[in-house]
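Number of protein chains: 2
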Amino acid sequence: MCAQRTVTAAVVIIGNEILSGRTSDANLPYLAKALNAVGVRVMEARVVADDEVAIISAVNTCRAAYDHVFTTGGIGPTHDDITSAAIARAFGVAIVRDPRATDLLTRHYAAAELSEARLKMADIPEGAALVDNPVSAAPGFRIGNVWVLPGVPRILQAMVDGLVAGLKGGDPVLSRTISAFTTESSIAFALGEVQQQHPATEIGSYPFVRSGRFGTSLVVRSTDRDALDAAAAAVAGMLHSAGVEPLMEDGPAA
Amino acid sequence: MCAQRTVTAAVVIIGNEILSGRTSDANLPYLAKALNAVGVRVMEARVVADDEVAIISAVNTCRAAYDHVFTTGGIGPTHDDITSAAIARAFGVAIVRDPRATDLLTRHYAAAELSEARLKMADIPEGAALVDNPVSAAPGFRIGNVWVLPGVPRILQAMVDGLVAGLKGGDPVLSRTISAFTTESSIAFALGEVQQQHPATEIGSYPFVRSGRFGTSLVVRSTDRDALDAAAAAVAGMLHSAGVEPLMEDGPAA
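These protein sequence lines are chains V and Z, in that order.
Just so you know, we're using the working numbering here: the first sequence kicks off at 1 and counts up by one.
Just so you know, we're using the working numbering here: the second sequence kicks off at 255 and counts up by one.
Honestly, the hints are just simulated from the structure, not real lab data.
Incorrect hints may appear among the rest.
Claimed, not checked - Mimicking SDA-like on lysine to any residue, the simulated pairs with C-alpha atoms at most 20 Å apart in a straight line are:
(1) K33(V) with A280(Z)
(2) K422(Z) with D386(Z)
(3) K168(V) with D67(V)
(4) K287(Z) with S24(V)
(5) K168(V) with Q157(V)
(6) K33(V) with I155(V)
(7) K33(V) with G212(V)
(8) K422(Z) with S433(Z)
(9) K33(V) with K422(Z)
(10) K287(Z) with A26(V)
(11) K287(Z) with T106(V)
(12) K33(V) with T277(Z)
The shape of chain V in the complex, shown without the other chains:
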């Protein structure tokens, strides 16, 4: 195994509707999986209000701490969409009507539909690169290590699918899930020993209820496939020893 630097990211979710509970965020799980698949690991996420000070503070803290920052939300046409202006302030640059973005919107909308509100979506921090929006034209953008994306999941997902191909990641985190109909407590001690014996992996334990029965999913994660296989085998062996049948699952990266 070659040691390789971990490429890290933070996700900053912007929107009062998430903090009020009106809307459940669906973008963090999507971003986390898509980024991990190319070797970029989400280390932290923050949810902040549609508030300039809060956005600037979160973005500036995170862009200093991680390789990439992905923001979601607040880049639409209405008065509560203040993300682009806040990002410009965070970087100390002007926000300008971008000719490339204007051109994209002009080609997407009929002339009569191209209102000033829509053109607001072409106002982007000076020096930013555009991020392609294959769904509804209005682009996202990247400035420094900050990627600014919309909050609507269908549009965000299409944009993420496009941009991840260009990211230089480290080794993706691989995972193996082993479930069993047993409680966490019954296996906690033996599981802790397996974790100690396999330090190149990280083993998480997640209780569940399925068809009225209590169970536990044990998720082994590692960037090293051999270490992963060895730890997964040890987890299965530990369950056998405890008199519990392991249910091997080939899940997606977890």
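Let chain V serve as the given structure and place chain Z on it in line with the hints.
Coordinates of chain Z only, in the frame set by chain V:
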């Protein structure tokens, strides 16, 4: 309208499984709604890894900045459940086997079932108050202004339902949702004017697709019922003027 201080909260979601995308968080929306109903407003949320430094940093920052902090996750019996120990460190106190919590577990489990792993759930920072768990006995706890709760949504919800009654909140944020089959861009300018004319309210705009038609939900929020009613009427009037039929919705707090 009596001016009243806003009572604020942050939510700290602890768990690698949320940051990896394996699990979608369901606890923030539940906490946000339950807290708002008693006049406590969630201003920020953070998702951090099962990592002591990350937990301590998030909790210490948030407990200094907000009236309350609610953490979710990491208080179970397995080796990756490190929240209680991290909270003790954040407060600079010892973690001790709590006799009240031990008693709760002893009464819940048969003697043969009361393993050391289960008793780990009675290890709590010195000086903390217990938070009742009506589902599975193992308590949460409160220390200072930090409430430490489990990650399993069914258990968290029961515990939140119990604890909110004891919180002293400010005025709850009331809301009214007015939807219409129109795009955000078509009404963005007029909506911005309504927002300017109703500064005691906060108006959010959220696009949706329903039965294949594009629409926009306009959510008016305020702690002042009269201001809310006036702004909601103005939003409906603005839509009428734009030739769009407003669909009034009496939704839950949003």
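Against the structure, the hints come out as follows:
| no. | hint | verdict |
| --- | --- | --- |
| 1 | K33(V) with A280(Z) | holds (18 Å) |
| 2 | K422(Z) with D386(Z) | holds (18 Å) |
| 3 | K168(V) with D67(V) | holds (10 Å) |
| 4 | K287(Z) with S24(V) | holds (11 Å) |
| 5 | K168(V) with Q157(V) | holds (19 Å) |
| 6 | K33(V) with I155(V) | holds (16 Å) |
| 7 | K33(V) with G212(V) | violated (29 Å) |
| 8 | K422(Z) with S433(Z) | violated (33 Å) |
| 9 | K33(V) with K422(Z) | violated (39 Å) |
| 10 | K287(Z) with A26(V) | holds (18 Å) |
| 11 | K287(Z) with T106(V) | violated (41 Å) |
| 12 | K33(V) with T277(Z) | holds (11 Å) |
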